[in-house]
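Asker: The hints should help you fit chain B onto chain A, whose structure is shown.
2 protein chains.
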Amino acid sequence: MTTAALVEQINKKQSFLCIGLDTDLDKIPPHLLEEEDPIFAFNKAIIDATHHLCVAYKPNTAFYEAYGIKGWRALEKTIEYLNTNHPSIFTIADAKRGDIGNTSTRYAKAFFEDLEFDSVTIAPYMGKDSVEPFLAFKNKHTILLALTSNQGAYDYQTKMVGEKELYKTVIETSQTYANAENLMYVVGATKASYLSEIRELVPNSFLLVPGIGAQGGSLAEVCKYGMNSHVGLLINSSRGIIYTSNNSDFAEAAAASAKKIQMLMAEELGKLK
Amino acid sequence: MTTAALVEQINKKQSFLCIGLDTDLDKIPPHLLEEEDPIFAFNKAIIDATHHLCVAYKPNTAFYEAYGIKGWRALEKTIEYLNTNHPSIFTIADAKRGDIGNTSTRYAKAFFEDLEFDSVTIAPYMGKDSVEPFLAFKNKHTILLALTSNQGAYDYQTKMVGEKELYKTVIETSQTYANAENLMYVVGATKASYLSEIRELVPNSFLLVPGIGAQGGSLAEVCKYGMNSHVGLLINSSRGIIYTSNNSDFAEAAAASAKKIQMLMAEELGKLK
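Heads up: the protein sequence lines correspond to chains A and B, in order. Those letters in the first sequence? Residues 2 to 274, per the working numbering, in order. Those letters in the second sequence? Residues 2 to 274, per the working numbering, in order.
Hints are not guaranteed to be accurate.
Same chains, same label: a pair holds when it works inside one copy or across any pair of copies.
When the alpha-carbon atoms are kept at most 27 Å apart in a straight line, the in silico DSS-like pairs for lysine-lysine are as follows [unchecked claim]: (1) Lys-110 with Lys-14; (2) Lys-45 with Lys-110; (3) Lys-14 with Lys-272; (4) Lys-260 with Lys-110; (5) Lys-110 with Lys-28; (6) Lys-139 with Lys-272; (7) Lys-45 with Lys-160; (8) Lys-141 with Lys-14; (9) Lys-14 with Lys-139; (10) Lys-165 with Lys-272; (11) Lys-71 with Lys-45; (12) Lys-14 with Lys-260; (13) Lys-274 with Lys-45; (14) Lys-260 with Lys-71; (15) Lys-110 with Lys-272; (16) Lys-260 with Lys-78; (17) Lys-110 with Lys-71.
Calculated from the structure, these hints are not laboratory results.
Only chain A is shown next, with the shape it has when bound in the complex (with noise of 0.2 Å):
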C-alpha cells in the first residue's frame, strides 16, 4: 500500500486508528475456545466489528508464536482474511526483527511476500544492512523502532550519543538508508512531549504511536505535538479495545471502544483544517 493510500483511507474513515491484535487464549471469551480456531474465531470477529472504525491492524507475532504452528495459521488466516476482505486496511505485522543482510531478506519475504503485510516492525541495533533489506520492497513499509514506551527504553534508547539521544540518532541515521522513504517510526506515546522533536527529524515520516489505553498515554497530546499536515500518526491500541469484554458480545462491545476513539480523533483531524 501507498502511503497516499493510507492517507486517503484516514481522511475518509476519519481515524488513524491501529488495532492491536494481541490475541491470547487466556484473555479470549472461554465460549471461543471451542472454535476449532479461536485465535482466528476472535480475530474475525473483532475485524468484522470494528474495520470501519480503524485504518490499520497489528497481529503482534510474539501471541502466534506462542501457539507454533496452529498459531502460524491463524496468523495466515487473519492476514488472508483482511487482504482478501478489507484490502484498504493497512497492515503491520509487529514482529521487531533484525538480523544480518541475507537473513533480514529472509524475514522481510516471510512478511511481506509470503504473508502479504504492508509493514513489518524492526530493530535498530544491528544497523543499515539489517534494515536496508526490508526498504527494497516496493510500497512495503518498514517501521523502525525509536523510542519505545516500556521503562526500558531508558537503558539505552535515551542515552546521550554525542549530543543526542540514540534514539535521535536512530532517526537521523535511518534517514541515509537506501529508499528511507519507505521508514516509519515506533515511538511510544508515553513520552508525548518528545514528539515535538522527533518531528523536527522526520516531518514527513508516519510514527506509529503505541502506549494509548493499557500503557497510558494521551490522545490531544501525541496529536499536539506528532501530527502533520497529512496527519502522519497511527496511534495503536491493543487490550483497551480488544478485551472491553470478555462474553458473548465482546466484538460490539470492542467496537464501542474503538468507536469512543475514533471520534477523538475525528475530533482532532477537526483541527487540522
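Answerer: Chain B in isolation, oriented as in the chain A frame:
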C-alpha cells in the same frame, strides 16, 4: 542445560563449535527436494554426521519463517530430534527477538517451553523489561546481541555513549538485570581485538561468536582474546560447514569441514591446561 554441563561437553568433545542450521531450499542438494520435508531431511543428515564434532546447533528462525507453516514444522522437528537423540547438545534459537514485558514472556515461552530450546538470541534495544522475562527461566540462557559482525554494527553499537561504546554499555547495564547469570553475549569474530575489552567487563560469561567462515574472522585470534579459564566461547559456523558440498556426499563433506575446525579447537583447548 546448565553452564557446567555445557563446559563438560566442551571438554569431552574437545570442541566449542556451534553449527548454524541456516537451511535454505535454494542451497541444499537438489535431490533432497524430493523428500516430504526437505529442510528437516537436510538438518537430520547434518546432525547425524556432525553431532560428535560440535557442542551446539543454532537454527536461525528467519530461514524457517520464510517457509511459513512448513518451515515452523521443520524447526519443531529439528529441535525435537536434537532433544530426543542428543540431549547433551546445547541448542540456540537464533531469533533476535525483543519486545515489551508480557510480550517478551510470550516469546520466552515459545522458545524455552514449547520448542524446548536451551537458549535464544535477544536484541537489547528495548532494555531491561524486554530482557528480564527471558532471564527468569532457570537453566535457560539469553544470548544478548552486543557487538555483531556486520557492517551495520558501526551505525550504533560502536558509537560512544558517554565514555564508552554502546555495546559496552549494553553489556554493563545488562549485568545489573535480575538473573544476569543466565546471560551470554553475541560478539562478532570480525572484531576479535574487541574481545579482550569485553572479557574485562564479563570475565565469566559465555560469548557466542559468529563470523568464523562466511563472515571472516580467525579462530586463533578469537581464542587469544576471548577465551577464559572455562573456555567461555561458542564459535559458530553456518554456511562454511553445512554447504561444503551440494551433492549426495553433503553430510560427510560437512563433517569433514566441522572436523577441521574441531581439531583447531582441540589445539586451542590444549593451551588452556
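Asker: For the identical chains here, do Lys-139 and Lys-272 meet the 27 Å Cα criterion within one copy, between copies, both, or neither?
Answerer: neither (32 Å within a copy, 53 Å between copies)
Asker: From the Cα coordinates, with 27 Å as the cut-off, is the pair Lys-45 and Lys-160 best called within, between, both, or neither?
Answerer: neither (42 Å within a copy, 45 Å between copies)
Asker: Could you figure out if Lys-110 and Lys-272 sit no more than 27 Å apart (CA to CA) within one copy, between two copies, both or neither?
Answerer: neither (40 Å within a copy, 45 Å between copies)
Asker: As a check of your reading, is Lys-274 near Lys-45 (CA-CA no more than 27 Å) within one copy, between copies, both or neither?
Answerer: neither (35 Å within a copy, 63 Å between copies)
Asker: Within a copy, between copies, both or neither: which one fits Lys-14 and Lys-139 at a CA-CA cutoff of 27 Å?
Answerer: For Lys-14 and Lys-139, only the intra-copy Cα distance (25 Å) is at most 27 Å; the inter-copy one is 49 Å.
Asker: Between the shortest in-copy and the shortest cross-copy C-alpha distance, which are at most 27 Å for Lys-165 and Lys-272: within, between, both, or neither?
Answerer: neither (32 Å within a copy, 46 Å between copies)
Asker: Check Lys-110 against Lys-14 for me: Cα-Cα at most 27 Å, and say if that holds within a copy, between copies, both or neither.
Answerer: neither (30 Å within a copy, 38 Å between copies)
Asker: Is it within, between, both or neither when you check Lys-45 against Lys-110 at 27 Å Cα-Cα?
Answerer: both (25 Å within a copy, 25 Å between copies)
Asker: Quick one: Lys-71 to Lys-45, C-alpha cut-off 27 Å, is that within a copy, between copies, both, or neither?
Answerer: Result: close both inside a copy and across copies, 16 Å intra and 24 Å inter.
Asker: Could you place Lys-260 and Lys-110 in one of the four classes (within, between, both, neither) given a Cα distance threshold of 27 Å?
Answerer: Result: close neither inside a copy nor across copies, 35 Å intra and 34 Å inter.
Asker: If the cutoff is 27 Å on CA atoms, where do Lys-14 and Lys-260 land: within, between, both or neither? Let me know, please.
Answerer: Answer is within: at 11 Å inside a copy they meet the 27 Å cutoff, but 63 Å across does not.
Asker: One pair to classify: Lys-141 and Lys-14, alpha carbons no more than 27 Å apart. Within, between, both, or neither?
Answerer: Intra 22 Å, inter 47 Å, cutoff 27 Å: intra-copy only.
When held up to the earlier numbered hints, the structure conflicts with 1, 4, 6, 7, 10, 13, 14, 15 and fits the remainder.
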